[in-house]
Structures are given as C-alpha cells and as structure tokens.
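**Q** When you get a sec, could you build the whole thing from the sequences and use the hints?
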Amino acid sequence: MSARLPNLVVLCIDSLRADCFDENPFWQEVGGRPQTPGFDALARESIRFRRAYSTSSWTKPSVPSMLTSRFPAEHGVYEVSKETSWTAALAASLPDEIPTVAETLRAAGYRTLALAHNAQLDASLGFARGFDVFVSDAGSGEQILDRLSSLDPWSGGDGRPCFAYLHLIEPHWPYSRDIARRAKDHAAGRFSFPTYRASQWKALKHDLKHGRVDLTEDETRFLRATYRAAVEESDRAVQRLVSELSANGVLEDTLLVVTADHGEELLDHGLVGHGQSLYDELLRVPLLVRPGANVINARPAPAVTDELASHVDLTPTLLAAASLAPGAARGRDLLTAPAPDRVFAEVKHKRRYLQCVVHGDHKLIRETKFERAPDHANGQGDYNNLQDLFASRPHRTKTRLFDLAHDPGETRDLSHREKDRADALGGMLDAWWQGLERRGSDTRALEEDMIRRLESLGYL
1 MSARLPNLVV
11 LCIDSLRADC
21 FDENPFWQEV
31 GGRPQTPGFD
41 ALARESIRFR
51 RAYSTSSWTK
61 PSVPSMLTSR
71 FPAEHGVYEV
81 SKETSWTAAL
91 AASLPDEIPT
101 VAETLRAAGY
111 RTLALAHNAQ
121 LDASLGFARG
131 FDVFVSDAGS
141 GEQILDRLSS
151 LDPWSGGDGR
161 PCFAYLHLIE
171 PHWPYSRDIA
181 RRAKDHAAGR
191 FSFPTYRASQ
201 WKALKHDLKH
211 GRVDLTEDET
221 RFLRATYRAA
231 VEESDRAVQR
241 LVSELSANGV
251 LEDTLLVVTA
261 DHGEELLDHG
271 LVGHGQSLYD
281 ELLRVPLLVR
291 PGANVINARP
301 APAVTDELAS
311 HVDLTPTLLA
321 AASLAPGAAR
331 GRDLLTAPAP
341 DRVFAEVKHK
351 RRYLQCVVHG
361 DHKLIRETKF
371 ERAPDHANGQ
381 GDYNNLQDLF
391 ASRPHRTKTR
401 LFDLAHDPGE
411 TRDLSHREKD
421 RADALGGMLD
431 AWWQGLERRG
441 SDTRALEEDM
451 IRRLESLGYL
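Once you know that position 42 of the sequence shown is 42 in this note's numbering, the rest is easy, because the numbers rise by one and skip nothing.
FYI, nobody ran anything at the bench for these hints, they're computed from the structure. Glycine included, every Cβ here is placed at the ideal spot set by N, Cα and C. There's no promise every hint is true.
[Said to hold, decoys possible] The calculated label-pair distances, taken between Cβ atoms and stated as ranges, are:
no., residue 1, residue 2, range
1, SER199, GLU45, 39 to 49 Å
2, GLY435, GLN35, 40 to 50 Å
3, ASP137, GLY360, 37 to 47 Å
[Said to hold, decoys possible] Pairs of lysine-lysine, PhoX-like flavour, derived with a Cα cap of 25 Å:
no., residue 1, residue 2
4, LYS398, LYS419
5, LYS369, LYS419
6, LYS205, LYS350
7, LYS202, LYS369
8, LYS205, LYS398
9, LYS398, LYS369
10, LYS205, LYS369
11, LYS209, LYS369
12, LYS419, LYS209
13, LYS202, LYS350
14, LYS184, LYS202
**A** Below is the structure:
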C-alpha cells in the first residue's frame with residue numbers, strides 16, 4: 001500500500017438530476033434515461049449513494065456547503081440580487097472566518113486547483129480561498145479537462161498530492177451548439193429550447209410560474225430530450241477524467257467524487273430551472289465515491305447504498321482521506337462513519353425561505369413567506385439576512401409532508417392526514433435550526449463584467 005497521501009478529485013456537474021441514472025418512468029417518453037457509459041462504468045467501481053442530497057437547490061448556496069461542511073444559514077451565501085431600479089447588483093460572499101477544505105488541504109501540503117464554469121463561483125466572492133490555481137470561467141467540460149491536462153497536477157516533482165475541484169456546466173442552459181445538434185431530432189412546438197438565451201429562458205420560466213403558458217406533450221418531450229442530450233454530453237467528461245487519471249498512473253492513489261450541485265426541474269411540478277423549490281428533482285443528487293485501491297480506511301467498493309448522505313459530508317470525507325481532522329464540520333466521513341437518519345436542506349429567494357428534512361421515507365418541506373418591507377421602494381427591502389427577516393418582518397408558514405417511498409414525485413401532501421408525523425418532522429427542523437450557528441450574509445457589489453456573466457446564465 002502506498003504511503004503517499006491520496007489525490008482528491010471532486011467533479012461537480014451542474015444541474016445534474018439523480019434520476020438520470022435510474023430506470024425512472026420519467027424518461028420513457030424520450031426513449032429511456034440518458035446514455036451515460038462513463039458514469040455507469042465509474043459506478044461499477046464506486047460506492048453509489050442513491051439517496052444523496054444537496055443542502056440547497058441552486059449553485060450559490062450549495063457549493064459553499066460542499067467546500068465548508070456548513071449549511072447555507074451558517075455560511076450565509078444565499079442570494080444574488082438586482083432590482084430594475086438598482087445601478088448595481090449584490091451577491092453574498094463566502095465569509096473569511098469559515099475555513100474551506102482547500103485552505104485546510106493546502107496548509108497540509110496539497111497542491112490545490114479549481115476549474116469551473118459558473119459566474120456564481122467567482123474569485124471575488126471568496127471561492128478562490130485556498131486554491132493555488134482558480135478559474136471560474138474555464139469553458140466547456142472539454143476545455144476544463146484540456147486545462148487540467150496542461151497543468152499536469154499529477155506528476156509534480158515535489159511529490160505533493162493534489163486536490164482538484166472541477167465544475168462542469170453542460171446540463172445547465174444555455175446549451176452548447178453540440179447539445180443543440182444532439183437534440184434537434186426531437187424539435188417540436190413553439191420553443192427552441194436548445195438555442196434559448198437568458199432573456200428567452202427567463203421569460204419562459206416567468207410565464208410558466210404565472211400560468212401564462214402551458215407546454216404541449218410534444219414540447220415537454222422536446223424540453224426533456226434537450227436536457228437528456230446535455231447530460232449525455234457531460235458524460236464524455238467523466239469518461240475522459242477517469243481515463244486520464246488511469247493513464248497518469250494515479251487512479252488507484254486517488255479518491256474521486258462525482259456529484260452535482262443540484263438537479264433541474266423539467267415540469268415535474270409545473271416549472272423549469274432550479275432554485276425555486278426543495279422537491280427531489282432539485283435536491284436529490286448523484287453521488288459516486290471511488291476510493292482508489294491505495295486509499296487508506298476506505299470502505300469496500302463497489303457498492304450501492306440507500307443510506308442518507310449530504311453535501312456537508314464531502315469536506316469531512318476528503319479531509320479524512322488526507323488523514324486530517326474535520327474541524328467544525330456538520331457532516332460525516334462517508335467512508336467510515338455511520339449514516340445519519342435525517343438530512344436537511346434550505347433555500348432563500350427574496351421574501352421566500354424554504355427548509356426541509358428527509359427522515360426515513362418521509363420528507364417535510366416548510367415554507368415561510370415574509371411581508372414586504374415598508375421601504376421596499378428603495379430596492380433593498382427584501383434582501384436582508386434571515387436573522388433580520390424572522391425578527392422584524394411579519395410572516396406566514398405552511399408545511400407539506402410527502403411519503404417518498406409511495407409518492408416519489410411528491411404529489412400528495414399528507415401533512416393534514418398524518419399530523420403527528422408532520423409535527424415530529426417539524427420538531428426535527430426546529431432542533432436543526434436552533435443548533436445552527438446562523439449568520440447574516442456578507443454582501444458586496446458586483447463588477448459590470450460579473451453582472452453580464454450572471455445575466456447570461458439567467459441569474460439576473
């Protein structure tokens with residue numbers, strides 16, 4: 001067995017639904033689930049967590065949880081906001097006082113690099129902390145892997161191991177020309193989903209949300225077939241990454257994690273996109289952990305497990321593989337620690353705040369809506385931190401309870417029929433909330449270039 005500390009590689013594929021790898025009836029109308037030979041081959045050598053959950057339903061709050069093992073309420077990275085009356089946009093940044101896994105690993109002697117393609121992860125918002133190399137506009141999956149190869153992080157003469165965080169965006173619109181070509185045979189109806197730009201996508205999301213448009217069956221198939229093509233495009237990167245680790249002779253000295261920051265709504269509950277709810281099409285994410293043969297303290301692989309897992313588990317898992325203590329982590333080492341009986345998630349958008357708990361086969365979603373601030377005319381009244389909102393703003397709350405075993409689509413609210421169970425899960429949410437070291441958001445104004453990049457992705 002090698003005495004060398006393992007390389008640590010996290011491949012995060014933006015907006016990748018967990019059910020892309022299940023024989024879910026959802027995919028039957030477009031000829032079956034996405035064809036993902038790279039992911040499937042890796043799964044046969046990995047521990048596959050079929051019930052893994054993100055801590056939130058979009059990139060900005062979820063990735064910090066992966067890198068810090070803290071929930072969004074603790075790291076405070078909730079929103080990016082811009083009102084039509086504003087001359088600037090505001091975004092929450094990662095607070096300096098919360099250490100990242102990259103900082104801890106670099107201090108322990110690791111070379112650290114991050115290659116991403118999402119403006120939400122810009123260096124100006126604190127995400128570069130701890131990384132020797134950090135790029136947040138690294139291009140397509142192929143371009144990211146080209147750049148990774150050019151950096152040659154595996155054969156450094158100093159003998160140091162490498163931590164690499166790779167963030168691909170293929171399943172997140174706007175889609176590439178290659179994806180558009182793959183989807184064109186399914187074209188139908190009024191909407192050219194593969195070629196939509198930000199303004200068109202935002203308009204569609206808005207019209208669906210407010211009931212101004214309904215997609216026909218053919219249009220729904222086209223939407224889902226386009227996403228299916230995007231997932232298949234991202235699978236090429238999985239194949240290439242594994243191949244290059246093997247070709248460089250470091251695959252068995254590497255702990256490789258493949259996951260997603262969140263999923264994607266494809267009209268499951270009448271909407272498209274992400275960040276709008278806490279349903280499983282957004283929260284349940286793929287999670288593969290491949291401990292190389294020379295990684296110490298690794299549980300046997302391959303394996304498939306239905307134990308609950310969370311993105312707050314990633315940092316403790318990476319640090320344990322590097323023989324480092326997890327610090328003030330909220331999660332557990334996926335390779336050695338027992339599984340929890342519940343996981344939590346949350347999302348905030350302006351005056352709406354949702355949190356949920358999954359316990360056994362049941363899931364409770366609690367949604368709070370705050371009243372507008374009297375000074376909302378100045379544009380900033382609805383972007384206070386949660387501490388202020390709960391303390392100073394009138395609000396109303398509703399809950400929904402789902403039986404995921406018998407209703408995986410979360411279509412039947414059981415909160416009134418099973419009030420005792422709903423109250424019990426509500427108590428779990430209360431205890432979780434009270435146990436968090438909550439903090440307000442550290443917001444800062446964005447540069448014009450950053451605003452344009454976020455607008456191109458539909459965030460502003």
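**Q** Against each hint, give a clear statement of whether it holds in the structure.
**A** Hint by hint, here is what the structure shows:
{"no.": "1", "hint": "SER199 - GLU45: 39 to 49 Å", "in the structure": "43 Å, holds"}
{"no.": "2", "hint": "GLY435 - GLN35: 40 to 50 Å", "in the structure": "43 Å, holds"}
{"no.": "3", "hint": "ASP137 - GLY360: 37 to 47 Å", "in the structure": "42 Å, holds"}
{"no.": "4", "hint": "LYS398 - LYS419", "in the structure": "13 Å, holds"}
{"no.": "5", "hint": "LYS369 - LYS419", "in the structure": "22 Å, holds"}
{"no.": "6", "hint": "LYS205 - LYS350", "in the structure": "17 Å, holds"}
{"no.": "7", "hint": "LYS202 - LYS369", "in the structure": "22 Å, holds"}
{"no.": "8", "hint": "LYS205 - LYS398", "in the structure": "24 Å, holds"}
{"no.": "9", "hint": "LYS398 - LYS369", "in the structure": "9 Å, holds"}
{"no.": "10", "hint": "LYS205 - LYS369", "in the structure": "20 Å, holds"}
{"no.": "11", "hint": "LYS209 - LYS369", "in the structure": "17 Å, holds"}
{"no.": "12", "hint": "LYS419 - LYS209", "in the structure": "29 Å, violated"}
{"no.": "13", "hint": "LYS202 - LYS350", "in the structure": "17 Å, holds"}
{"no.": "14", "hint": "LYS184 - LYS202", "in the structure": "22 Å, holds"}
The earlier numbered hint that this structure contradicts is number 12, and it is the only one.
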